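Chains as they are written, first to last, in our numbering: chain A, 1 to 122; chain B, 123 to 363.
Treat the hints as calculated values from the structure; they're not laboratory data. Please read all numbers here as calculations on a predicted model, not as lab measurements. Note that beta-carbon positions come from the ideal geometry of N, C-alpha and C, so glycine has one too. Each hint should be verified, as a subset may be incorrect.
With a straight-line cut-off of 30 Å between C-alpha atoms, the simulated DSS-like cross-links for lysine-lysine are [as the list claims (entries may be wrong)]:
| hint | chain 1 | residue 1 | chain 2 | residue 2 |
| --- | --- | --- | --- | --- |
| 1 | B | K135 | B | K226 |
| 2 | B | K190 | A | K63 |
| 3 | B | K226 | B | K250 |
| 4 | B | K250 | B | K135 |
| 5 | A | K63 | B | K135 |
| 6 | B | K250 | B | K308 |
| 7 | B | K190 | B | K250 |
| 8 | A | K63 | B | K308 |
Where chain A lies over chain B, by a calculated footprint (3+ residues, C-beta under 8 Å) [to be verified]:
| hint | region |
| --- | --- |
| 9 | 147 to 155 |
| 10 | 175 to 185 |
| 11 | 288 to 302 |
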Amino acid sequence: MRTRVAAIAALIGVLGAAVVMVGSPNGHQISRKPADAIIQSVVPSADPIRADEIVTVIPQDAKTALVDPGYLAAARAPDIQPSEEVIGVVINGDARAFPMATLNVHEIVDDVIGGQAVAVTW
Amino acid sequence: MNGRTLTFGVSGKLIRNSLVMYDRETHSLWSHLTGGAIDGPLTGALLQMLPATQTTWANWLRAYPGTKVLPHDYPGQTDGLRYFTSQAAGIRGRLHDDNRLPAKAKVIGVRVLDQAKAYAMTAIVRAKVANDAFADVNLVIFATGPDSASVFRRDLSSQTLTFEASAGGMITDRETGSGWDPLTGKAICGALMGSSLTPIDATTSFWFGWFDFFPETALYTGQGPVTPRVPRGRAPVEALR
Numbered sequence: 001m002r003t004r005v006a007a008i009a010a011l012i013g014v015l016g017a018a019v020v021m022v023g024s025p026n027g028h029q030i031s032r033k034p035a036d037a038i039i040q041s042v043v044p045s046a047d048p049i050r051a052d053e054i055v056t057v058i059p060q061d062a063k064t065a066l067v068d069p070g071y072l073a074a075a076r077a078p079d080i081q082p083s084e085e086v087i088g089v090v091i092n093g094d095a096r097a098f099p100m101a102t103l104n105v106h107e108i109v110d111d112v113i114g115g116q117a118v119a120v121t122w
Numbered sequence: 123m124n125g126r127t128l129t130f131g132v133s134g135k136l137i138r139n140s141l142v143m144y145d146r147e148t149h150s151l152w153s154h155l156t157g158g159a160i161d162g163p164l165t166g167a168l169l170q171m172l173p174a175t176q177t178t179w180a181n182w183l184r185a186y187p188g189t190k191v192l193p194h195d196y197p198g199q200t201d202g203l204r205y206f207t208s209q210a211a212g213i214r215g216r217l218h219d220d221n222r223l224p225a226k227a228k229v230i231g232v233r234v235l236d237q238a239k240a241y242a243m244t245a246i247v248r249a250k251v252a253n254d255a256f257a258d259v260n261l262v263i264f265a266t267g268p269d270s271a272s273v274f275r276r277d278l279s280s281q282t283l284t285f286e287a288s289a290g291g292m293i294t295d296r297e298t299g300s301g302w303d304p305l306t307g308k309a310i311c312g313a314l315m316g317s318s319l320t321p322i323d324a325t326t327s328f329w330f331g332w333f334d335f336f337p338e339t340a341l342y343t344g345q346g347p348v349t350p351r352v353p354r355g356r357a358p359v360e361a362l363r
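Construct the complete structure from the given sequences, taking the supplied hints into account.
Here is the structure:
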C-alpha cells in the first residue's frame, strides 16, 4: 500500500486486503486481561494477538473513513483509468467499485450495499 | 453486530503492520485482517467476512456494466505506489520471518476452518488459473488482472470441475468444455452456461503480512503440482469462512 508522508505511511502497513465485513452476532466474549494476555484467538490458525502488539502510529481519525459516500454511475466516471486497481463488491445485485486510490486515503468505507451494512477496507 | 450496526473509523493504530479499525458505538478495536475485535467491550467478537474482488476498473466494468463507483477525492488521484514498490516491509518490525517468497511478494490468502493457505500472485497470474484442494475444499484461483486474483469453490452440484486456460486466454472446464468468466465465476458459454461458482472470501496481502498473522500457512508458489484430491461434492459451504 502506499504513500508519501512519513506519518501517513505508518498507517499503510501491510495489506491490500480485499475485505468486506459485516456485523454478525457470533463469537462474543467480553473480558479484561493484562496487557500481555492473549486477547484474540478466535481466528483459526492465526497467531494469537496480544494487547501489547497494538501500536499507535497516527492520531485517531487522522485518516477519515467514509460513511455513506456518494457514488458515480460508471458512465460518469471518466477519471477512473481502465488499468486502475479497484475492489469490487456485489451484494444482492448491487455492484460497487472502490478505487484503491480513494481507499488508500480513507482506508474504510461504511455503507449499505444491497441492503447489507458493510465496511469495505483493505 | 447483535442487532446493532457498527460504524468503523481509522484508529491510528497498527497490529503487525496492518490496519486497526475502531467502532464509533463501543470504541472497541478491530483487526481488518481477521475481522476480530482485539480490544474494548466487544473483544472476541468476529465480523463476518464477505467475498470481494480485486481487479482493474476495465475488467470490473466489463463484468458489471451497471456498477456504481466511488469517485476519486480529486481528479487524477492515484494510489501511492511507493510503498508497493519499495523493499521496506512493514512499519514496525516483523514477528515472523520466512524466505519462501520475498517479503513484499503479493499473495491471495484463503482460510478454511483452522487452516490458512496463500497463493503467490505471480504464479497465479502466470498460469491464469490454479485448481486446488485445500482443507477438504475444492478451490479454483483465477487471475483477474495483471496483479490480482479471485477464488471460488469448483464444486458445482455434485460435479467437481477442473479449469484450464486455453491458448486464447479463455477459461474452460475440462469436464464440459464450458467457458467461464474468471471475475464473476459465471459460465458464459457451453453446457453449463448460466451456472455460477460460489465465491470464497480471500485476502490480498503482502506475503510478510499474511505470514505474520498465519505463520503456519501453506503456500503455493507455482512449483510442483496443485493436486486435486478431494472426493466430489464434499466440503459443505459452511466449512468456509
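Structure-based check of all given hints:
1. Annotation: proposed proximity of B:K135 to B:K226 holds, straight-line Cα distance about 21 Å (limit 30 Å).
2. Proximity of B:K190 to A:K63 is assessed by CA-CA distance (about 24 Å); at most 30 Å being required, the pair is judged to hold.
3. A distance of roughly 21 Å separates the Cα atoms of B:K226 and B:K250; the hinted pair therefore holds under the 30 Å criterion.
4. Taking the CA atoms of B:K250 and B:K135, the gap is about 36 Å. The hint is violated against a cut of 30 Å.
5. Between A:K63 and B:K135 the CA atoms are separated by roughly 11 Å; this keeps the pair inside 30 Å, and the hint holds.
6. Between B:K250 and B:K308, the direct Cα distance comes to roughly 16 Å. Compliance with the 30 Å bound is thereby established for this hinted pair.
7. Simply put, B:K190 and B:K250 have alpha-carbon atoms about 27 Å apart, close enough for the 30 Å limit, and the pair holds.
8. A C-alpha spacing of about 37 Å is found between A:K63 and B:K308, which places the hinted pair above 30 Å, so the restraint is violated.
9. With 4 residues having a beta carbon nearer than 8 Å to a beta carbon of chain A, the region 147 to 155 of chain B meets the requirement of three or more and the stated coverage holds.
10. Given a C-beta distance limit of less than 8 Å, the hint that chain A covers the region 175 to 185 of chain B holds, as 9 residues qualify and 3 suffice.
11. Note: the region 288 to 302 of chain B has 0 residues with beta-carbon separation from chain A under 8 Å; the three-residue rule is not met and the coverage is violated.
In summary, the numbered hints that this structure violates are 4, 8, 11.
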